[in-house]
Amino acid sequence: MKTKKFLLIFALSFLLNTQTLFADEAKMAKGLEIFNETAGCAACHVLKAAGSEGNIGPNLDTVEGLSYESVMDIVTHGLGVMPAFGEDEILTKEEIDIVSFYVANSVTK
Amino acid sequence: MKKDKTKLNLNRRNFLTGTATLAGIAATASVVPITIANANHSEGKKGLPDFISWKDRDALIVHSDKGIETHRSAIGESLITPNRNIYIRNNMPTMTDKQIGDRKKWKVSIEGVKNPQTFTLAQLQKLGHETMATILQCSGNGRGFFEHKPRGSQWKTGAAACVLWTGVPMKTVVDACGGINGAAVYMTSEGVDHEPTGLDPKKAMIARSVPKKVYKDAMLAWEMNGVPLPNAHGGPLRMVTPGYFGINNVKHIGKVAFTTEQSSVKYMKSSYRISPIGKKGSQYPSCWEMPVKSWITRPTDETGTVKAGKVQIVGVAMGGTKKVRSVKVSVDGGSSWKKAKFIGPNLGKYAWRQFVLETTLSAGTYNIASLASNGSDKQPELRMENRRGYAHNGWKDHSVNITVV
Numbered sequence: 001m002k003t004k005k006f007l008l009i010f011a012l013s014f015l016l017n018t019q020t021l022f023a024d025e026a027k028m029a030k031g032l033e034i035f036n037e038t039a040g041c042a043a044c045h046v047l048k049a050a051g052s053e054g055n056i057g058p059n060l061d062t063v064e065g066l067s068y069e070s071v072m073d074i075v076t077h078g079l080g081v082m083p084a085f086g087e088d089e090i091l092t093k094e095e096i097d098i099v100s101f102y103v104a105n106s107v108t109k
Numbered sequence: 110m111k112k113d114k115t116k117l118n119l120n121r122r123n124f125l126t127g128t129a130t131l132a133g134i135a136a137t138a139s140v141v142p143i144t145i146a147n148a149n150h151s152e153g154k155k156g157l158p159d160f161i162s163w164k165d166r167d168a169l170i171v172h173s174d175k176g177i178e179t180h181r182s183a184i185g186e187s188l189i190t191p192n193r194n195i196y197i198r199n200n201m202p203t204m205t206d207k208q209i210g211d212r213k214k215w216k217v218s219i220e221g222v223k224n225p226q227t228f229t230l231a232q233l234q235k236l237g238h239e240t241m242a243t244i245l246q247c248s249g250n251g252r253g254f255f256e257h258k259p260r261g262s263q264w265k266t267g268a269a270a271c272v273l274w275t276g277v278p279m280k281t282v283v284d285a286c287g288g289i290n291g292a293a294v295y296m297t298s299e300g301v302d303h304e305p306t307g308l309d310p311k312k313a314m315i316a317r318s319v320p321k322k323v324y325k326d327a328m329l330a331w332e333m334n335g336v337p338l339p340n341a342h343g344g345p346l347r348m349v350t351p352g353y354f355g356i357n358n359v360k361h362i363g364k365v366a367f368t369t370e371q372s373s374v375k376y377m378k379s380s381y382r383i384s385p386i387g388k389k390g391s392q393y394p395s396c397w398e399m400p401v402k403s404w405i406t407r408p409t410d411e412t413g414t415v416k417a418g419k420v421q422i423v424g425v426a427m428g429g430t431k432k433v434r435s436v437k438v439s440v441d442g443g444s445s446w447k448k449a450k451f452i453g454p455n456l457g458k459y460a461w462r463q464f465v466l467e468t469t470l471s472a473g474t475y476n477i478a479s480l481a482s483n484g485s486d487k488q489p490e491l492r493m494e495n496r497r498g499y500a501h502n503g504w505k506d507h508s509v510n511i512t513v514v
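Chains A and B, in that order, are what the protein sequence lines are.
The first sequence: position 26 = 26 (the numbering used here), numbered continuously.
The second sequence: position 221 = 330 (the numbering used here), numbered continuously.
Keep in mind that the hints were calculated from the coordinates and are not lab data.
Ideal placement from N, C-alpha and C gives every residue a C-beta, glycine not left out.
Check before you lean on any hint, since a few could be wrong.
To be verified - A short list of chain B residues far from chain A (calculated; beta carbon distances all over 10 Å):
| no. | residue |
| --- | --- |
| 1 | His172 |
| 2 | Ser173 |
| 3 | Pro225 |
| 4 | His303 |
| 5 | Ser391 |
| 6 | Ser439 |
| 7 | Ser444 |
| 8 | Val465 |
| 9 | Thr469 |
Stated by the list, open to error - One side only, chain B facing chain A, incomplete, derived with CB under 8 Å:
| no. | residue |
| --- | --- |
| 10 | Gly176 |
| 11 | Asn290 |
| 12 | Leu308 |
| 13 | Lys311 |
| 14 | Glu398 |
Using the sequences and the hints given, assemble the complete structure.
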């Protein structure tokens, strides 16, 4: 009985973990698309993972202290010539969340 | 249709060249080949981007390849900040030699004067020759101390430098053009470093208007600390507006116009405005005159433990647009102050002065602060809270903690 219970819990948690894994993978794929296509971040930024080589804004792989929160902040409100993708409704809140997640998990430290 | 996920869609940059919405993409024309943009930013062997590989890596803190500040103790030791230690803060990519072309043929047009005309660098160099010392300081120097974590480079003290500029005084240029048109209220400088990017000038051009009176002490400079103005610092020619924040010292200058209105570009209208937290708008004051300010450069928490006994507390002090008059130093977090001595040469009111307080410290921890005055103003204890973390001159945040053993 104990073994059955154990196997059930194991199988369930395995399933849940792979679901998260698949969800993350999908999010990263979507994030790459927003980065390179929808928002055009690639035109102004270097990000090795995305294969982008823009030279207007900072090379994202070199930005000190870059995090999901800091990316979301800048993408939402803009900075200098960088548009306020959130404030000016160029991207949806969901798209901003996805691309911020993508960038934060893509930078080469 | 197979979607190539790694393909870069350069057309998407068009929302910056035309309208504010993606709807304008199809209608807009220019797409900048990425190869031009790429030209000078790849990482060199010293851990500094190529375009500034000549700088001293050890003197610098790299926040990103576009935001690099000077270590606290690498400023001020010789009054003038050597070029290899000077901070980098460029809103647009540094222009390359290729984009600049023949430096002697660089053009700047003068407008809002009786006889508007264009000068080449060679012509300006025939017109006049002067050298002056000023402080170059980013409006956001000290932003790293603000508690509300404003967006932007998190500078502490290192987005500042004391520089010797050589060039032609704006007064001389204005005289050569027959004087300023009566109605003008501002001197508006426009850079051309946005041009190679193809971005919409309304969003990308660095154009800065300052009060007209600034022209009297301003200069079009082609040399920085005795060498031709490096590209990374705005070469071959930049505006120098003494006592005014860095952004006003427009790099790669293409036009100086005496105008009745402030420029309407983003970098003048909305950016660089000092507003309360949570508020923004062009009605707020622009980052213009620098306030009185000082900071200790040694000893600091960076320079290691200090041996008990006689200690030389060293720093730099500036008055903004007025001469700095005095500096006092505290070793007990501001409870008591002693007047520090100015040392070294006085390079005029727009440069900083070095100061020293000689004191004796026994083993323990100390909070050392400096407080400068320019006669009419002195540094406040606390920062002036503002949305974007500009113009910090509070002495408390600039204090340092040291350990004496």
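Any hints this thing doesn't respect? Which numbers, in order? Going through the list in order, the structure violates hints 1, 2, 4, 11, 13 and 14 and respects the others.
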